[in-house]
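Novice: Chain residues, written in single-letter form:
2 protein chains.
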Amino acid sequence: MASLPSPEEDSQKLKKAFIGLGTDEDAIIEILGHRDVNQRKKIRETYHQLYNETLVDGLAKEISGDFGKAVILWTYDPCERDARLANEALKSKKRGIKHLEIIVEMSCASSPQHLVAVRKAYCALFDSSLEEDILDSVPMPLRKILVGLGTSYRYDKEMVDKDVANLEANRLHEAIETKELAHDDVVYILSTRNFYQLRATFERYKEKHGNPIDEDIMKSGKGDLESLLKMIILCIDSPEKHFAEVVGTAIVGLGTDEDSLTRAIISRAEIDMMKVKSEYLNIYKSNLDDAVIGDTSVEYRKFLVTLLGGKI
Amino acid sequence: MASLPSPEEDSQKLKKAFIGLGTDEDAIIEILGHRDVNQRKKIRETYHQLYNETLVDGLAKEISGDFGKAVILWTYDPCERDARLANEALKSKKRGIKHLEIIVEMSCASSPQHLVAVRKAYCALFDSSLEEDILDSVPMPLRKILVGLGTSYRYDKEMVDKDVANLEANRLHEAIETKELAHDDVVYILSTRNFYQLRATFERYKEKHGNPIDEDIMKSGKGDLESLLKMIILCIDSPEKHFAEVVGTAIVGLGTDEDSLTRAIISRAEIDMMKVKSEYLNIYKSNLDDAVIGDTSVEYRKFLVTLLGGKI
Chain A
0 MASLPSPEED
10 SQKLKKAFIG
20 LGTDEDAIIE
30 ILGHRDVNQR
40 KKIRETYHQL
50 YNETLVDGLA
60 KEISGDFGKA
70 VILWTYDPCE
80 RDARLANEAL
90 KSKKRGIKHL
100 EIIVEMSCAS
110 SPQHLVAVRK
120 AYCALFDSSL
130 EEDILDSVPM
140 PLRKILVGLG
150 TSYRYDKEMV
160 DKDVANLEAN
170 RLHEAIETKE
180 LAHDDVVYIL
190 STRNFYQLRA
200 TFERYKEKHG
210 NPIDEDIMKS
220 GKGDLESLLK
230 MIILCIDSPE
240 KHFAEVVGTA
250 IVGLGTDEDS
260 LTRAIISRAE
270 IDMMKVKSEY
280 LNIYKSNLDD
290 AVIGDTSVEY
300 RKFLVTLLGG
310 KI
Chain B
0 MASLPSPEED
10 SQKLKKAFIG
20 LGTDEDAIIE
30 ILGHRDVNQR
40 KKIRETYHQL
50 YNETLVDGLA
60 KEISGDFGKA
70 VILWTYDPCE
80 RDARLANEAL
90 KSKKRGIKHL
100 EIIVEMSCAS
110 SPQHLVAVRK
120 AYCALFDSSL
130 EEDILDSVPM
140 PLRKILVGLG
150 TSYRYDKEMV
160 DKDVANLEAN
170 RLHEAIETKE
180 LAHDDVVYIL
190 STRNFYQLRA
200 TFERYKEKHG
210 NPIDEDIMKS
220 GKGDLESLLK
230 MIILCIDSPE
240 KHFAEVVGTA
250 IVGLGTDEDS
260 LTRAIISRAE
270 IDMMKVKSEY
280 LNIYKSNLDD
290 AVIGDTSVEY
300 RKFLVTLLGG
310 KI
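Taken in order, these protein sequences are the chains called A and B.
Quick note: the first sequence, position 291, residue 290 per numbering that gives the first Met the number 0, numbers continuous.
Quick note: the second sequence, position 15, residue 14 per numbering that gives the first Met the number 0, numbers continuous.
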């Protein structure tokens, strides 16, 4: 394997790709698409020193559309990326819960350290905290659940208490039966317990009450609250399945939801993409890479395929 | 001013103070009592490398009682110190709210960064998160308020929205009037707004409704909930006044509450002790240093006076 170019060389090549007639998109993909999170950080720092503008500003002047958005999201530090995505979600006028997925993902499918770093980035980038903006823009009872999740800092080692799993499986069952899905206890369980403990609680729920908990929730109602809880449970129980479904939903059917597709691939490319691909195959009986190729075009396609580890 | 001894020299002197017949308490006070948070960190690291035991373990074998406790709390990293104090508070069988003061202080009288660092330290030291232990050991409705505070990450720049201050002063007034002091809105206001905003809200409350908000709360009831809210408001509004009162309460009357006295002096020695002293003078018409000298003895007294910047 050839040795990696230095951050200086990468920055110079990027600058070269920006200037002159037209932009050399292939060079941008070739460089940034093959650098990991730490390497991209060094390139951002070096580029800024060399050219007195941020790399993101440099990119934003040259590339746009879905390709531009994807490259820029990939270029940000992951905490800044998620803080910006969360802010965009909270400031959008969209209804429903689909656009709030990012907040569930960063609190239920990421490390506690990542979530705290996103909250710090959020305060540094915007004039308010993440939780203030949730309170401002999300109606009750979704608000209560998202504030709980968004302020969580879960214990991050594998620690399961079977008695707690049993007690809390019962408490969740009772809340579903009595249709008190946003009860304080439900919020506390979902937002303070560690992921291993919660998976054990969901497992215990199924053993004891017969159905997976998300199915029982969806049987109890079809509103935003039920869908949000289902999303949360899936993110905690199997992040790879959640992201496979995000990709699937973005691609399947008429038109493509590029924003969701980009978010899923960019957030998981360096975390668990192999698992996401395998879940995708499992659910959709087709190859995630092929599906992405079939539903995207030109540079956007090339860039996503590069992140997926493929050649085009 | 003489140049500061190196961490190696300090560690060697400390080790020397520990060995032989009796312990040289004066040397311990002389060294640790005159080192700031970063210097103590280097001494901890160096001592550990040199002697293959932690400095805290070294101290714990040699000194005990109020003096030992105080020196050890001062030696810990402040995040670890507060995590341990919070854990001790939550595991104690005490009733009421006095022992929960540490949780209010670290969330309402410290920086948001400090609180997050305490939560990280808590997860690293114990088998659960701070918020899980609050849920386990604090009854409703105090639980709800402390979980809100304990999971906060407030925006930390000066940013005040007068409309928000007005609206939320009214909302708090309504909650007091209807005796719904643990309403979600109250918890959200106190646990997500930045300190500057909250001070403006309390100011607006007084302008519009005639009394300081903490007085109105205490008029509405005399239970733990009211006292907790008063403590929170005071910590946010004027940390120096809160800590002056902690010292005052610990000293005044029969017997001394050494744990509270130690906590107050150790937590604020490097933050705002001058302000605490001035508030103390204001409230008790006497000198904080003199009061501490009058109520403590031997090494414990010497150590506290050293931290207060005095000579004895």
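Be aware that a few hints might be false.
You can't tell identical chains apart in this list, so a pair holds if it fits in one copy or across any two.
[As the list claims (entries may be wrong)] Okay, derived cross-link-like pairs now, DSS-like style, lysine-lysine, Cα gap no bigger than 25 Å in a straight line:
1) Lys156 x Lys90
2) Lys60 x Lys12
3) Lys90 x Lys14
4) Lys68 x Lys284
Hints in this document: simulated from the structure, not taken from any laboratory.
Novice: For every hint, state whether the structure bears it out.
Specialist: The hints, checked one at a time:
Taking the closest pair of Cα atoms, Lys156 and Lys90 come within 25 Å of each other only across two copies (21 Å); inside a single copy the shortest separation is 34 Å, beyond that limit. In this homomeric assembly, Lys60 and Lys12 come within 25 Å of each other (Cα to Cα) only inside a single copy, at 16 Å, whereas the closest approach across copies is 61 Å. For the identical chains of this complex, Lys90 and Lys14 are neighbours neither inside a copy (33 Å) nor across copies (58 Å), given an alpha-carbon limit of 25 Å. Neither within a single protomer nor between protomers do Lys68 and Lys284 lie at most 25 Å apart by alpha-carbon distance, with minima of 29 Å and 63 Å respectively.
When each numbered hint is compared with the structure, violations occur for hints 3 and 4.
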